[in-house]
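> Here is what each chain is made of, one letter per residue.
Number of protein chains: 4
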Amino acid sequence: MEYGMYYLEPVTPYETISRKMTRVIAAGRTRFQDYFIFETAAFGKVLVLDKDTQSTEKDEYIYHETLVHPALLAHPEPKSVFIVGGGEGATLREVLRHPSVERAVMCDIDDELVQMAKRLLPEWHQGAFEDPRAAVITEDARTWLETHNDTYDAIILDLNDPVGEDNPARLLFTLEFYQLVKKRLKPGGIMCMQAGMILLTHHRVHPVVSRTVREAFKEVKSYRNYIPGFFLNFGFIVASDSPGALALAKEGLEARLRQRKLNLRHLNPAFITAMFALPTDLQEAIASEQMVSTDALPFYLTEQGEAKQAPYRQDV
Amino acid sequence: MEYGMYYLEPVTPYETISRKMTRVIAAGRTRFQDYFIFETAAFGKVLVLDKDTQSTEKDEYIYHETLVHPALLAHPEPKSVFIVGGGEGATLREVLRHPSVERAVMCDIDDELVQMAKRLLPEWHQGAFEDPRAAVITEDARTWLETHNDTYDAIILDLNDPVGEDNPARLLFTLEFYQLVKKRLKPGGIMCMQAGMILLTHHRVHPVVSRTVREAFKEVKSYRNYIPGFFLNFGFIVASDSPGALALAKEGLEARLRQRKLNLRHLNPAFITAMFALPTDLQEAIASEQMVSTDALPFYLTEQGEAKQAPYRQDV
Amino acid sequence: MEYGMYYLEPVTPYETISRKMTRVIAAGRTRFQDYFIFETAAFGKVLVLDKDTQSTEKDEYIYHETLVHPALLAHPEPKSVFIVGGGEGATLREVLRHPSVERAVMCDIDDELVQMAKRLLPEWHQGAFEDPRAAVITEDARTWLETHNDTYDAIILDLNDPVGEDNPARLLFTLEFYQLVKKRLKPGGIMCMQAGMILLTHHRVHPVVSRTVREAFKEVKSYRNYIPGFFLNFGFIVASDSPGALALAKEGLEARLRQRKLNLRHLNPAFITAMFALPTDLQEAIASEQMVSTDALPFYLTEQGEAKQAPYRQDV
Amino acid sequence: MEYGMYYLEPVTPYETISRKMTRVIAAGRTRFQDYFIFETAAFGKVLVLDKDTQSTEKDEYIYHETLVHPALLAHPEPKSVFIVGGGEGATLREVLRHPSVERAVMCDIDDELVQMAKRLLPEWHQGAFEDPRAAVITEDARTWLETHNDTYDAIILDLNDPVGEDNPARLLFTLEFYQLVKKRLKPGGIMCMQAGMILLTHHRVHPVVSRTVREAFKEVKSYRNYIPGFFLNFGFIVASDSPGALALAKEGLEARLRQRKLNLRHLNPAFITAMFALPTDLQEAIASEQMVSTDALPFYLTEQGEAKQAPYRQDV
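Chains as they are written, first to last, in the numbering used here: chain P, 84 to 399; chain X, 84 to 399; chain G, 84 to 399; chain L, 84 to 399.
Derived from the structure by calculation, the hints contain no laboratory data. Treat the hints with care, since some could be wrong.
Heads up, the list lumps identical chains together, so a pair's fine if it works in one copy or across two of them.
[Claimed, not checked] Distance condition first, Cα-Cα at most 20 Å in a straight line; then the derived DMTMM-like pairs of lysine to aspartate or glutamate: (1) K134 with E85; (2) K301 with E386; (3) K162 with D233; (4) K344 with D364; (5) K128 with D214; (6) K269 with E85; (7) K134 with E122; (8) K134 with D249.
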């Protein structure tokens, strides 16, 4: 092994990615989470929160285009968008590229992280926080949505997987939370979300999330894309209660991309459509999943990657 | 770090995968290459040749279905198939599932590896070597194809990337070799191949192979799939000189799968079609590639993942 | 990091040694312990039992000379020697180099390990097992010593540290066991033993063993030596109830080495004497240690290196 | 493996120490070298210069007591001391504990490092830089000694091993440099130095240094001690041209320690004497060494730990 600084991140209980760091930029803990920002030769800056790589400078465009545009392109004219999480500002940036957007509200409980991102991660937000259409709310997103009746054309959940029994994010992955999100969508409104790694040996993360969302919404579609900086295939979900809201025909996508003047680096109409075609083994895993995550028994992932259900006690 | 045996495999010059081994099954060197077979908790047996993971017990079906079936399903009635490499027998196994196949010839220079696979990797070949339609030739595939005029409905290249300047496989990645393959295809015949990892920082492997194949064949298509055991997205290529030979419409695929009674675990018609839709950044990397690998200047990959051209001297 | 097989062994809870393996020779489990034998470029064959490196081909002479000769040289004419553990035969080998030795009894519970060592580790035993003066007993050493009244000039404890609460070796590190050993020593007889790593942050292993031995024997001396293959300084102990039995003056050592024709590779009279001089911080840690390991509360080491006392339940 | 930040440091070409970092304190490059300061759970702060661990907060006292006191205790009344290197101030601190010292000059080419140590490593210098008897010179030590005729009772070389052909420190490990040092010693003066790791497979570092020093000085003694934070046994050398200057009898040491009121944490008279007793294999390696490092052919260590001789070209 070569001398130097490495960041080790287990991707399964048995396989680990090590990244050679060329520079440590920041490391510490906000009130809510550990953060760690470093630089690597291949991927540029890397942002890690609570042990999980969030995104890297060189490929964050792949993750954020994949998260945001399938939903916003499916919508004929998204004016108001609510983002849960997404503290480093790149989801907000992609949302604001749609010219119809008049108001993009980002709700992240961790203001300290948002401030740090503004200062240290300009490659991510690219000034999005300064856009007059953008608003940042520092509060627990669930509390905010419960206490504010505003409705949105799209609500984007940009959250970490709920790893660990004491993870407060567990209450953002339950049936009741998805029902609350649904109540805050306008007619024709769409929810989209990051929905867990898709790996042979860990198929249940995405299936459990999918199964739970399907309890809340009439129309639900999974899609997936490879995120190079994670060395993993990731699952995403779009959901709506409005019939036909998720009909994403290739031709319509083309027209909307042209009309909205979106020059995407990774996505294109054929590829967006292709992301929704799932391999048979994954389809079967999704179809056969029985676990529904609820407020009474919210699911969580163990460090070993297993999906478990147990009551959540805030004081744990 | 936990005590124990680990296998470390760099996936880029800066990122490394470590796999915790539960058992070492075999390690050594044949006349042609290093081999190493071990067991992991998540992926079962893992086969490594000359430093590169070839496939794992639990996900080899994904790799081999992806390599074999798009080409064979595109062909209306594949009777004769020639496989270059593929010593562990799983490519042969998938070929023989097509009932029209009357003759499947596997040509692998490394008989010692084939014998070891027969004994130690039954999960891969599953008895394919015993099929009366199968023949195994122990010779350099290029020499064999040069000296035998038989033609085939499909020729499958199941080869490692040409890593290292002294890698003899470099001469199986040149324009002249693809032209030779073309001469050994019957009318309507199709070549397909493994064509390198697709990773943000290493896009050139696949583009160079694609660029070179396009010099030899009139119709060439790239596709890609995520191979969990590699933690990488891999590129594949189908090529033909017969107009329309690669037209793989979803409906036709469905009919052929039904008719050939192929119950695939991973592939399905929509997913096969989707694998051919490429993201824009990859399309651009393929389109702009200028390097053509030739016998005079065959390309190779450095340990750092760069694509270089230089004369190959057998005595290096 | 470089590709390849590595063996990782934590030396503290925070520091880990990784060894690049050039070959795996054997791996498995006897009825009593895991074993693992591999080869490295610098140290040759390496023997690991239950996670801990036991010794390496290239430096085992340092460990075994250090364990055996200070005690046997202190004795004017060792005729009978009893070895607890030491299954790979190198301790036996060093004992048999003393020409006065008429009978060397090695008692190792793990016959399977002894047989494997005979076959795979000839560099260690060098034929010692064939010596007519040697006898190997396959039994729990404590049971054997309890039920056999034979006495010895020297008893050598060549045991692993008692890591883990369920480690049966814990009962070979108690006051009662040392009292039993004392009963099996002839007048002038000496016990010697491997007595734990000596590392800044883990001083308590050696102090606890020393404190316990001091409860059983009138004269007790600690010494230490650096074992390159462990990258650690190791502690050893000699103990006797006979006044003056441990008086190891440099001149006497010289005479005995000459007289016994011992050509040692590592030890010499001045160095043997020097090994007994301890640094002040270690002296203080030994002097202030209060923990006495007893059958009622035998001590053990946690995986984090802490010394703890708790009842031992065989059925754990 | 566990997630987190690790520092990997090869200790041989095949064995590597990894340290889990709890915090990165500083990383960067001065005009002369890379520096890296981090924290670990077991050893506290760790200082790394140009890839090599220099010392750790919890055990630096072992290294610095071992480097400084054998020489200064051998001298009846050290008044003036010159330190080559030692930028972090702990060598200076130990020197100033001898009450006879009137002037301690530390010459380190890297002022940026010295300033950083003052700010970030107070546990090392403990205010030594503020002592009115201390002076810090920022210049190449060889140039300074060549151009200044002051003489000293002791000169201490606290330098990194000359790893790498382009390492300018190579010219501080030559016969000519040691001859220069000798000219700057007062009658009865003593040179002492850090003199390389002592490890089975890398014995030549210390032997080459010893062989070269023996060409320059009439009396030369090697000694060694285990440095826990390095996981290595390190060699040191004292040398003098004054007959009897290195006669370090235990009784004299005791008297001087008492008289100078030195309460050392690690060293004591018996242990100091013991450090000079070398094992036979090391004695033989030192005695048989033929390589003399000269200005014409200064030696260096390859990354693989081999000792080589070649001309040094400053512009490499």
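> The structure should be examined with respect to each hint, and the outcome stated for every one.
Each hint, compared with the structure:
1. K134 with E85: Between copies only: 10 Å across, 23 Å inside.
2. K301 with E386: neither (32 Å within a copy, 51 Å between copies)
3. K162 with D233: within (13 Å within a copy, 64 Å between copies)
4. K344 with D364: Intra 37 Å, inter 18 Å, cutoff 20 Å: inter-copy only.
5. K128 with D214: neither (24 Å within a copy, 43 Å between copies)
6. K269 with E85: Close neither inside one copy (55 Å) nor across copies (45 Å); limit 20 Å.
7. K134 with E122: both (16 Å within a copy, 18 Å between copies)
8. K134 with D249: within (15 Å within a copy, 32 Å between copies)
Going through the hint list in order, the structure does not satisfy hints 2, 5, 6.
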